[in-house]
Every structure is written in structure tokens, then in C-alpha cells.
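Asks: Now for the letters of each chain:
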Amino acid sequence: MTASQTPRRRLRLGAALLAALTIGIALITLLGLEPVPTLPPETNQMLNAFSQLLIQLVAVIGAIALLLGVLNLTRFHAAQLRQMPRGLYSLLLLATLLGVLSVRALERSGILRIGNDEASALSLTILDVAQVAVESALAGLIFFALVYSAARLMRKRVTLWNALFLAALVIVLLGFSPLGGTTLLPALREWLLSVPVNAGTRGLLIGVALGTVVVGVRVLIGRDRTFRE
Amino acid sequence: MIYAILLIALLMMAISAVCARAIVLRAVPAYRALQQTVSAAVESGRGVHVSLGSSALLDESALTAIAGAELLYQTAARASGGDLPVTASTSDPVTLGIAQDRLRRAYALRNRPEVFKSTLARWYPSGDASLALAAGVGAALLDEEDSLALLCGRFGAELALIAEAAIRYDRDLLPHSTQIEGQAIAYATSATPLLAEELFVSAAYLEPTPLNIGAAAAQDALRYLVVFALIALAVLAFLGVNL
Chain A
215 MTASQTPRRR LRLGAALLAA LTIGIALITL LGLEPVPTLP PETNQMLNAF
265 SQLLIQLVAV IGAIALLLGV LNLTRFHAAQ LRQMPRGLYS LLLLATLLGV
315 LSVRALERSG ILRIGNDEAS ALSLTILDVA QVAVESALAG LIFFALVYSA
365 ARLMRKRVTL WNALFLAALV IVLLGFSPLG GTTLLPALRE WLLSVPVNAG
415 TRGLLIGVAL GTVVVGVRVL IGRDRTFRE
Chain B
23 MIYAILLIAL LMMAISAVCA RAIVLRAVPA YRALQQTVSA AVESGRGVHV
73 SLGSSALLDE SALTAIAGAE LLYQTAARAS GGDLPVTAST SDPVTLGIAQ
123 DRLRRAYALR NRPEVFKSTL ARWYPSGDAS LALAAGVGAA LLDEEDSLAL
173 LCGRFGAELA LIAEAAIRYD RDLLPHSTQI EGQAIAYATS ATPLLAEELF
223 VSAAYLEPTP LNIGAAAAQD ALRYLVVFAL IALAVLAFLG VNL
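Chains A and B supply the protein sequences, listed in that same order. Anchor point for the first sequence: position 51 equals 265 in the numbering used here, and the numbering is continuous, going up by one each time. Anchor point for the second sequence: position 239 equals 261 in the numbering used here, and the numbering is continuous, going up by one each time.
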């Protein structure tokens, strides 16, 4: 049985109530964030205040969800410990989690203090050294990863679009290098980035925006899966 | 303005849903590949991993997270009959809840609720480029004998690491991203990537009810409207008309 053959289910009272509640709250939030000029100012102010309150509530839920996320991570990796040697990575992760939490707790209680401001806190330094540096290095490698992937894709199947993709990548990459002081490649690179790449980027983003509009409408009319079954 | 756009979208969706039988959706190779690879995974007794990336319910990518969760449900509904469970990952803790819910529903649909465990959906901490998520998904693909990595949502440069792991260990890869960096990597690393807005019409291709087909047709119609408006504005600007 595939998802398309899902048997028709009876409408449950709970799901109907949830849908009604969600649609109502979504509409109020929308009206609060985007006031309708024809409504009285007092009504718009009231809707805005209510939508801000809802957004603040959501922020609190986000903080609680972070705790649930940490619990999920801990549970999963604690279960992985039974499968050695694969569980060594999980052991390392749990030890790091515990270590950083301990450092942060000691900092907050005033026992461990390096410097006078929050920026010099050891837990933040650990984050900067271990994560930010590696992420920056990764960002620098994207371009080479793209060229390598495109070449590998071409090895499997040569298409016009793949060839165009690879050619554009190589031109932009070479355009950044100081090859004998030539001005042609940098100029070509500039044109590529400002015209076709810019146009393509906008096209993709407009497409995503239209997709979100359609999904938004589905949520607003209560046709999201959460309310249906 | 936003109300006008929503109203137009709603009207188009309603009209298209009524005429759904007459509508032929354009071919999306990624969805055909998805059905084939999921079937192959089930038959070979291997798992499927769906990652929602950093799509988050509490920021501007909320609707991307909802669309990704729908694709997770559709995939899990097809793969939940297999020997190995379907797993999911996200770097947003609130989205973790919706991912768990969709997995639970998919297993309930197949009358296998006992297979569902909350740890089948996993949270990995986020960052600018979530290396933790990339490392976790890469490890999951290898450790859990997953044959397919479906990446749908907001991914940045970390998608390159996941794709590299998938290709190196001969896993099928169906990538997508709403970010430009991620979409570029998706295009370069897979023969059948999901492109930009294709994520939002998964239900129309995998569960073609009139409303789902109507939503996909409305999305396409809106796109053509935007294309027409852009061309018209460009022509007017070329003719020196000041708007």
C-alpha cells in the first residue's frame, strides 16, 4: 500500500479543534504583523499586541525544545555506547557535552573565571576554537568541492548543463587568480556573477518564495497533515 | 500585498483542485528517482535517511520545514515496510518534534507502530554551517546501512560533506536546499537533485489527491505569472516607461 492509497479516515474532533485553533491563531498573527488599513487603529494595535505575545510564547517553546533536543541527542548516543567500537564517537560526544556543560556551570557560578567580560568566557573560547575555525575552513573549500563534484558528475554522464556548470565554475575560479595580469578573466567572472548567476539566484529564491506561499495557504486552510489525521 | 498574494494563491489552488483530473503535472525526475530508490531500499532490506537540515519552525524557514516534513512522511510511508527503520535528522529542536510526529504517523499508517522510537528522529546542534549535522548524517548513512540519503530543506556548505560521504560509500543521494550554496552543491553532486520549489509539491507527486495537484498547479501558475510580470516590466523599462 502506498501513501496515495491511504484509506479515508473519519474526521476526529480533536483534529478539527486543533485545525480551528491553528487557523484562528494564524490569521490573528498575520493580521497583527501586516495590519489592514481599513480596520480601526485600535483593532490593529490590539491584534499587533496579541501577535507579539504569541511570538514571545513561541520563543519560550523554542528554549524548552532545545532541552528536548539535548535529551534526544543524549539518549541516542547513550544507546550507541553498547555498540563498540562504533560507540567510541558517541562516547567522545557525550564526554564533550558533559565537559562543556560543566565548564559553563562553573562559569555561571563564578568558580571558574577568565577575564572580566562574557566574551572571554572559556566555554565561548572552546566554541570559537573548535567549531568556528573548522566551519570557516569548510566554507573556503566549497568551491573546490564543487569543481571536483562537477567533474565527477561529468565522468558519469555528460550533458550540456553539466558542461556549462563546470565551465562557469572554472572561469570564476580562474577569474579570482592573478594569471599574468590579464583582465579578460576577471571581467568575464564579474559579468558571470552579476548577470547570469544573479538572475539564477533570484529565480531560485522566487521559486522558493512561491512554494512557501502555497504551503502557507495550505496551513491557513487547515490542510496540513498535522490536522488531517 | 501579502493578502492579495495569498488570495490569488488560494483561488488558483481551489480552481486547480476542481480541475485536477484534467491537469497533467510536469515531470520531476527527482520524485521518480525517489520512488525507485525507496523501493530498492525496501527490497534489499536497507534503510533510508531523511534530513531536514537546519529548516526551523521558529524562523523564516518554517514553511520549508513543514514541506520537508511532508516529504519525510511520504518517504517513510513507502519505506516503513522495510527491515531497517527510516531515520530522520534536523538541527532545529522544534522541527525535531514534527519529524518524530511524521515518522510515527507513517509507521501507524502501515500498522507497525511498535517499530517507531523517538530516537529514529535525531537532533544535531546547529551552527553557521552545521558540521555536527553533516557528521551525524554521514555516520548514520554508514553505520545504519542506509541506501538512500534524502536531504530536503535548508542546507549550506555542509551539504558537500554529506554528499561526499554518500558518494564515497555508494549511497543514493537526493539532495535539495533552499539556500543558494546548498542548491549549487546539490546540483553538482546528484544526477537527480530536487530543485528549489520542487520540494513544496512533493505531495502532488507522491499522493496525488485533487488538493495536492491543485497546490502544485497553483504554484506553477504563480511562477508563470511572475515570469510574465518580470518580462513585461523589463519591456516597459526598455521602452522608457516610468512606473
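In case anyone wonders, no lab produced these hints; they're calculated from the structure. The beta-carbon is built from N, C-alpha and C at its ideal position, and this holds for glycine as well. Careful, some of the hints might be misleading.
Just so you have them, the derived chain A footprint on chain B, three or more residues with Cβ under 8 angstroms [stated by the list, open to error]:
no. : stretch
1   : 47-56
2   : 174-183
Far from chain B, by Cβ distances over 10 angstroms, these chain A residues were calculated [as the list claims (entries may be wrong)]:
no. : residue
3   : Leu282
4   : Gly283
5   : Ala293
6   : Leu312
Distance windows between CB atoms, simulated [stated by the list, open to error]:
no. : chain 1 : residue 1 : chain 2 : residue 2 : range
7   : B       : Pro232    : A       : Ala230    : 18 to 24 angstroms
8   : B       : Arg48     : A       : Val250    : 34 to 40 angstroms
9   : B       : Leu258    : A       : Ala401    : 52 to 58 angstroms
10  : B       : Ala36     : A       : Glu248    : 38 to 44 angstroms
11  : B       : Asp123    : A       : Ser408    : 51 to 57 angstroms
12  : B       : Leu252    : A       : Val372    : 41 to 47 angstroms
13  : A       : Leu398    : B       : Leu164    : 44 to 50 angstroms
14  : A       : Ile239    : B       : Leu247    : 38 to 44 angstroms
15  : B       : Arg134    : A       : Ala277    : 30 to 36 angstroms
16  : A       : Leu231    : B       : Arg132    : 24 to 30 angstroms
17  : A       : Leu231    : B       : Leu252    : 21 to 27 angstroms
Asks: Now look at each hint and say whether the structure bears it out.
Replies: The hints, checked one at a time:
no. : hint                                    : in the structure
1   : 47-56                                   : violated (count 0)
2   : 174-183                                 : holds (count 4)
3   : Leu282                                  : violated, 6 angstroms
4   : Gly283                                  : violated, 3 angstroms
5   : Ala293                                  : violated, 7 angstroms
6   : Leu312                                  : holds, 14 angstroms
7   : B/Pro232 / A/Ala230: 18 to 24 angstroms : holds, 21 angstroms
8   : B/Arg48 / A/Val250: 34 to 40 angstroms  : holds, 36 angstroms
9   : B/Leu258 / A/Ala401: 52 to 58 angstroms : violated, 30 angstroms
10  : B/Ala36 / A/Glu248: 38 to 44 angstroms  : violated, 22 angstroms
11  : B/Asp123 / A/Ser408: 51 to 57 angstroms : violated, 44 angstroms
12  : B/Leu252 / A/Val372: 41 to 47 angstroms : violated, 32 angstroms
13  : A/Leu398 / B/Leu164: 44 to 50 angstroms : holds, 45 angstroms
14  : A/Ile239 / B/Leu247: 38 to 44 angstroms : violated, 30 angstroms
15  : B/Arg134 / A/Ala277: 30 to 36 angstroms : holds, 34 angstroms
16  : A/Leu231 / B/Arg132: 24 to 30 angstroms : holds, 27 angstroms
17  : A/Leu231 / B/Leu252: 21 to 27 angstroms : violated, 43 angstroms
In the structure shown, a violation is registered for the earlier hints numbered 1, 3, 4, 5, 9, 10, 11, 12, 14 and 17, in ascending order.
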